[in-house]
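Each chain, letter by letter, is given below.
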Amino acid sequence: MGRSAPAVTVIEPRRGGFDLGLGELWEYRELLYFLTLRNVQIRYKQTVLGASWALLQPLLTMLVFSLFFGRLAGVPSDDIPYPIFSYAALVPWTLFANSLTQSSNSLVTSANLVRKIYFPRMIIPASTVLASLVDFAIAFGLLLVMMLFYGFTPTVASLWLPLLLLLALVTALGVGLWLSALNVQFRDVRFAVPFISQLWLFATPIAYPSSLLGEPWRTVYAINPMVGVVEGFRWALLGTDTAPGPMIAVSSLAAVALLASGMLYFRRMERTFADVV
Amino acid sequence: MAETAIRVRELGKRYRIGAAPERYRTLRDAVSRGATMPFRRLRGVLRGESTILAASSFWAVDDVSFDVERGEVLGLVGRNGAGKTTLLKLLSRITEPTRGRAELHGRVGSLLEVGTGFHPELTGRENIFLNGAILGMRQREIEARFDEIVAFAEVERFIHTQVKHYSSGMYLRLAFAVAAHLDTEILLVDEVLAVGDQQFQRRCIGKMGDVARSGRTVLFVSHNLEAVQRLCSRCLWLDEGRIAADGEPAEVIHRYLQRWRQAVSFRYRADALPAEESAAAGPAPGDAVLVEAEVLDATGRAAGHLRYGEPFALRMRWRNRRALPGAYYFVSAQDEQGRELFGVNPGGLLPLEAGEQEVLCRFENNVLVPGDYRFTVGCFLPPKTFLHRVEDALGLAVLEVPFATGPVSIAQRSIFDPRPSWQVAPAAQSPGEPRAALSEEGR
Chain A
1 MGRSAPAVTV IEPRRGGFDL GLGELWEYRE LLYFLTLRNV QIRYKQTVLG ASWALLQPLL
61 TMLVFSLFFG RLAGVPSDDI PYPIFSYAAL VPWTLFANSL TQSSNSLVTS ANLVRKIYFP
121 RMIIPASTVL ASLVDFAIAF GLLLVMMLFY GFTPTVASLW LPLLLLLALV TALGVGLWLS
181 ALNVQFRDVR FAVPFISQLW LFATPIAYPS SLLGEPWRTV YAINPMVGVV EGFRWALLGT
241 DTAPGPMIAV SSLAAVALLA SGMLYFRRME RTFADVV
Chain B
1001 MAETAIRVRE LGKRYRIGAA PERYRTLRDA VSRGATMPFR RLRGVLRGES TILAASSFWA
1061 VDDVSFDVER GEVLGLVGRN GAGKTTLLKL LSRITEPTRG RAELHGRVGS LLEVGTGFHP
1121 ELTGRENIFL NGAILGMRQR EIEARFDEIV AFAEVERFIH TQVKHYSSGM YLRLAFAVAA
1181 HLDTEILLVD EVLAVGDQQF QRRCIGKMGD VARSGRTVLF VSHNLEAVQR LCSRCLWLDE
1241 GRIAADGEPA EVIHRYLQRW RQAVSFRYRA DALPAEESAA AGPAPGDAVL VEAEVLDATG
1301 RAAGHLRYGE PFALRMRWRN RRALPGAYYF VSAQDEQGRE LFGVNPGGLL PLEAGEQEVL
1361 CRFENNVLVP GDYRFTVGCF LPPKTFLHRV EDALGLAVLE VPFATGPVSI AQRSIFDPRP
1421 SWQVAPAAQS PGEPRAALSE EGR
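Chains as they are written, first to last, in the numbering used here: chain A, 1 to 277; chain B, 1001 to 1443.
Check before you lean on any hint, since a few could be wrong.
As the list claims (entries may be wrong) - Short, incomplete list of chain A residues facing chain B, as computed with Cβ under 10 Å: (1) L37; (2) N112; (3) F119; (4) G151; (5) P154; (6) V156; (7) L159; (8) R187; (9) E215.
Stated by the list, open to error - Stretch by stretch, here's where chain A covers chain B in the computed footprint (C-beta under 8 Å, at least three residues): (10) 1085 to 1094; (11) 1119 to 1131; (12) 1135 to 1144; (13) 1240 to 1251.
I should point out that these hints are in silico values taken from the structure, not numbers from a laboratory. Cβ atoms here follow ideal geometry from the backbone N, Cα and C, with glycine treated the same way.
Please model the complete structure; the sequences and the hints are all you need to start from.
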């Protein structure tokens, strides 16, 4: 019944160090579950369209992209129909963009929790990232329908999807940790986030294929971890012949670096959250 | 041999008080600083430095050491800002100490408020699980105690209703019920007792009594000295971040109150007055200054104590640098428990002219029951400017000696005595009904 945590809690000033507090995070996994559940439950409260927002966002963006980039500008799409080409990228992108927006604000909106009770603070941004998975599932459902419509059959490559999804989550959490910790002290972040996510959208091959770049630049381009995610999704589901292996490897390294640095920064700032937020 | 549950050694927490950034001396300075500032700040951010420029800092908790044995119920008393809540926040790990060390042996639960994390859009049931998880309860524990919690809160019928539709009483009952079923070896509690209506408050205190007797270690912060004396086996008095006394609750509380009485006087004189000329263009703090103030008894003499029921007045001298339309003087009173009793002001009745003004605030009908009081005096300009505010400017003791012969009944638990006039007459025989109804409601 009691926690399996050590019976002694020691409280003293923390100095530097590289303790990521993973053990404690595991201790509090049930809280992560309940906060994620809460975020899912309240997400579309008091909205008219409710969960259909999860569909509308990528769907409308896809229509606009298909019209302007696909039709008018004639952007190439690796020989697959432009609508599904862009939608397959927009599904993981929307997961990332929503996680980013929600998590960067999460500590500030949960200020009353932070001020009144202790738990590993990382749970707050992490729960918003996980909650975005519900939206992702809905949007992904439509992607499957579109694949059926355009006559794509899933191949063995689609077994990689869970790992690609994980890559997207790691990236989102990494950036989310940085931004949420910064946002506690500097509310500038709130103004920067919409801008960041817009720039990042165009820095990711969503409206266009990464094959526009020649090697080795295409692989270098994958330092943006969302490049690996997006090209990976297209490859796994639509069978684009873009050989994204090296790109995904580079993206994974970049995402892990992002997450690790985000966690370290977050841990460093964590101790003052309650005093500042 | 008694086991130590909490061991605190030289614990300290320093807060910085933010101040305005350095002034630019020249335009060139200003431009170059303006240009490099974001980068210099950014560098600080990346290093994890706090960039709030610190002009001064103070120790909210300063060099505090004490031990609590297993099963002890320790009360923490002290004035507002004495560091009680900060100490509790340190021990519950919400904030980190600047120095020192504390060890807590056993599972810790902390209750700094009830209903932390409650979400209005969720149902009662969903909130119980969420709040329980936030307080550190396991899902299985919550499931096991779920019916008990719901029964204690008396919300069985509404458990699947969103809490935004709850009355405030139901909301608080549910919030307290979850907290009350937190079953940890060490419990840190900050004045969460007094919630809900009278009847529920009694049950809350009763529940706290059970907790206190259950052999758990409790650290209990409260302004309610009566509750501390009743529930605690030991009491710690914090003053300006340091331990001023530690021991038997009755004894510590007695000393705390004594100090409190000495600290205030029935006379106030300003130590220093601000410059005659104001630098600011509009009304600013310092435009009205309380020069002196005193308490006058029924004979018009300055006095530090009054008899029970004796009319009194507060006389104040104010110096105003300019006429202040819209501003008003105010007086508020606290009792010795720190409870806010009343705040009064004449609103727009009293124009604030430039120069010195003598203000008399008369309490013809003295409703204060025997005890010690303090008055905060100030001048307020709506919507949010305190032109001057002197906390605890005046102190006053009301003695248990009645001022005039007449109906006097000192009810110990009363907060004030409105001293109504009483009448008794034989009841009229015939219509009678409304009168009877009235007397039933009379107090």
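Right, here's what the structure says about each hint:
Annotation: interface hint on L37/A holds; nearest CB of chain B at approximately 8 Å, less than 10 Å. For N112/A, the interface hint holds, the least distance from its beta-carbon to any beta-carbon of chain B being 7 Å, beneath 10 Å. The interface hint given for F119/A holds, since its Cβ lies 7 Å from the closest Cβ of chain B, which is under the 10 Å cut-off. The beta carbon of G151/A comes no nearer than 43 Å to any beta carbon in chain B, farther than 10 Å, and the hint placing it at the interface is violated.
Evaluation of the P154/A hint against chain B yields a violated restraint, the C-beta minimum of about 36 Å exceeding 10 Å. Taking 10 Å as the C-beta contact cut-off toward chain B, the hint placing V156/A at the interface is violated, the least distance being around 38 Å. Given hint, L159/A at the interface with chain B, is violated; its Cβ is 33 Å from that chain's nearest Cβ, farther than 10 Å. Proximity of R187/A to chain B is violated relative to the hint, the smallest CB-CB distance being about 13 Å (cut-off 10 Å).
For E215/A, the interface hint is violated, the least distance from its beta-carbon to any beta-carbon of chain B being 33 Å, above 10 Å. Counting residues of the stretch 1085 to 1094 of chain B whose C-beta sits closer than 8 Å to any C-beta of chain A gives 6, which meets the bar of three, so the coverage hint holds. Only residues whose beta carbon comes within less than 8 Å of a beta carbon in chain A count, and the stretch 1119 to 1131 of chain B has 6; three or more means the coverage holds. Counting residues of the stretch 1135 to 1144 of chain B whose CB falls under 8 Å from any CB of chain A gives 6; the rule of at least 3 is met.
With 0 residues carrying a beta carbon less than 8 Å from a beta carbon of chain A, the stretch 1240 to 1251 of chain B misses the three-residue requirement, and the given coverage is violated.
Checked against the numbered hints above, the structure breaks hints 4, 5, 6, 7, 8, 9 and 13 and satisfies the rest.
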